[in-house]
Amino acid sequence: MKEQKINLFVACRFLIGVFFIVSGAHKLLSPQGNFLYVVQSYDILPSALEKLAAAMVPWVEYLTGIFIVLGLWLRPALQGLRLLLIVFILIVSQAILRHLPLEECGCFGELFSLPLRTVLFMDTALLLFASLLVKNIEKIKSLSLDSHFEIK
Amino acid sequence: MPRRLKLSKARATFLILILSIGFILGGRVFLSAKQSSSEDFSPRVKGNESAPIQIIEYIDFQCPACAKGAKYLKKVIEENPQKIHLEMKYYPLSMHKHGFISAYYAECAARQSRFWAFQDYLIEKQDYWAPMIDPKPTFDLFAEWSGLDLKALKNCLEDKSVEEFVLKSKAEGKILGVRSTPTYFINEKMFVGQEQLTAEITRLLNEGTKN
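Quick mapping for you: the protein sequence lines, in order, are chains V and P. Its first residue numbered 1, the first sequence is counted upward by one per residue in my numbering. Its first residue numbered 1, the second sequence is counted upward by one per residue in my numbering.
No wet-lab data here; the hints were simulated from the structure. Keep in mind that this is a model prediction, so the values were computed, not measured. Don't be surprised by glycine CBs; every beta carbon is placed ideally from N, CA and C. Among the hints, erroneous ones may be present.
[To be verified] Calculated pairs, SDA-like style, for lysine to any residue (alpha carbon to alpha carbon, straight line, at most 25 angstroms):
#1 Lys-51/V to Gln-54/P
#2 Lys-97/P to Leu-102/V
#3 Lys-75/P to Tyr-128/P
[To be verified] Computed beta-carbon distance windows for the label pairs:
#4 Lys-154/P to Ser-93/V: 17 to 27 angstroms
#5 Leu-8/V to Glu-207/P: 58 to 68 angstroms
#6 Leu-52/V to Ala-10/P: 23 to 33 angstroms
#7 Asn-155/P to Gln-94/V: 47 to 57 angstroms
One chain only, chain V, in its complex shape (with noise of 0.2 angstroms):
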């Protein structure tokens, strides 16, 4: 049987994934509205796709955090979050660019208010991480349900 033990990597692991699952909860129990109001502020797609938009995007944060907390479908979950974050990265800075008025990135409502220059710096760092711990899968596979399934 594999040894089943913490390390820094599955520490990152799990506080990425709370991350993302506060995150994705928080806006799906506010009504929708709030979350397609940012959408709409960043002034990128037709409302259609708007209102698509507002609607996924929170499930999959809050979807891909719990996989990764559990670590059940590791790498795809991971490589998943990646897009996302790379996704978020272009969104965040083509919003800077075009000097949009937007006061802070309506990423978590009221839970706290961030600037887009702030968020950027965020968005990339985690990039990074969730880069990091795909590089470092097996290690980061201790608790994981994964390893789990592997080990039966």
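Since the structure of chain V is already known, use the hints to place chain P on it.
For chain P alone, coordinates are given in the frame of chain V:
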């Protein structure tokens, strides 16, 4: 043997998905039950009380999007006075340093029945007072222009019930799911920001013209 293992992982995935989605749906049911039992606070109103378009707005007077929305609403109410009824409620955001004090002044103006005159100055001159370190002298000037009794205003600003009223209004908004400003409830349906507001008002006015 490997087939059996695959099935177990698939089952676990299915179970986790069901539980995760169930948790969110349960949370939504719980929150909507909490919302329907929220208290009602006396509003600041404008327009025809029995109008077909009933709007409740949660506003932060320092928010630029709120100023845009308020200007649009003022215009559309002037053009359709019989069709729209507006209630204004306070939702000052902590990220705006003058959000609360401007709401206290507006509430004191409301207590002298001068709410709309005063809020027009707040909205029209937002660019002027928002960057100030201390906007109180400017608000005093707006109060004077709005025809407020300045002595009564001073006493009102020291009255704890004003702060309590504004905080209650914000707490009520939070229970209803308000997270940013401006948030509108049009015929009890929530809309956030001017884009959503304009789309819904245009739709309702067009619907009214057709009928």
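Is Lys-75/P close enough to Tyr-128/P, meaning Cα to Cα at most 25 angstroms?
-> Given pair Lys-75/P, Tyr-128/P holds - Cα atoms ~22 angstroms apart, limit 25 angstroms.
Is 17 to 27 angstroms right for how far apart the beta carbons of Lys-154/P and Ser-93/V are?
-> With a Cβ separation near 49 angstroms, Lys-154/P and Ser-93/V fall outside 17 to 27 angstroms, so the hint is violated.
Is it true that the CA of Lys-97/P sits at most 25 angstroms from the CA of Leu-102/V?
-> Judged against 25 angstroms, a Cα distance of about 17 angstroms means the pair holds.
Pairwise beta carbon distance, Leu-8/V to Glu-207/P, judged against the given window 58 to 68 angstroms | holds, 59 angstroms
Would you check the hint for Lys-51/V and Gln-54/P, treating anything up to 25 angstroms between C-alpha atoms as holding?
-> It holds: about 24 angstroms lies between the C-alpha atoms, which stays within 25 angstroms.
Supplied distance hint 23 to 33 angstroms, evaluated on CB atoms of Leu-52/V and Ala-10/P = Since Leu-52/V and Ala-10/P have Cβ atoms about 27 angstroms apart, the given range 23 to 33 angstroms holds.
Are Asn-155/P and Gln-94/V spaced within 47 to 57 angstroms by their CB atoms?
-> Because 51 angstroms falls inside the window, the suggested range holds.
In summary, the structure is inconsistent with hint 4 from the numbered list given earlier, while agreeing with all the others.
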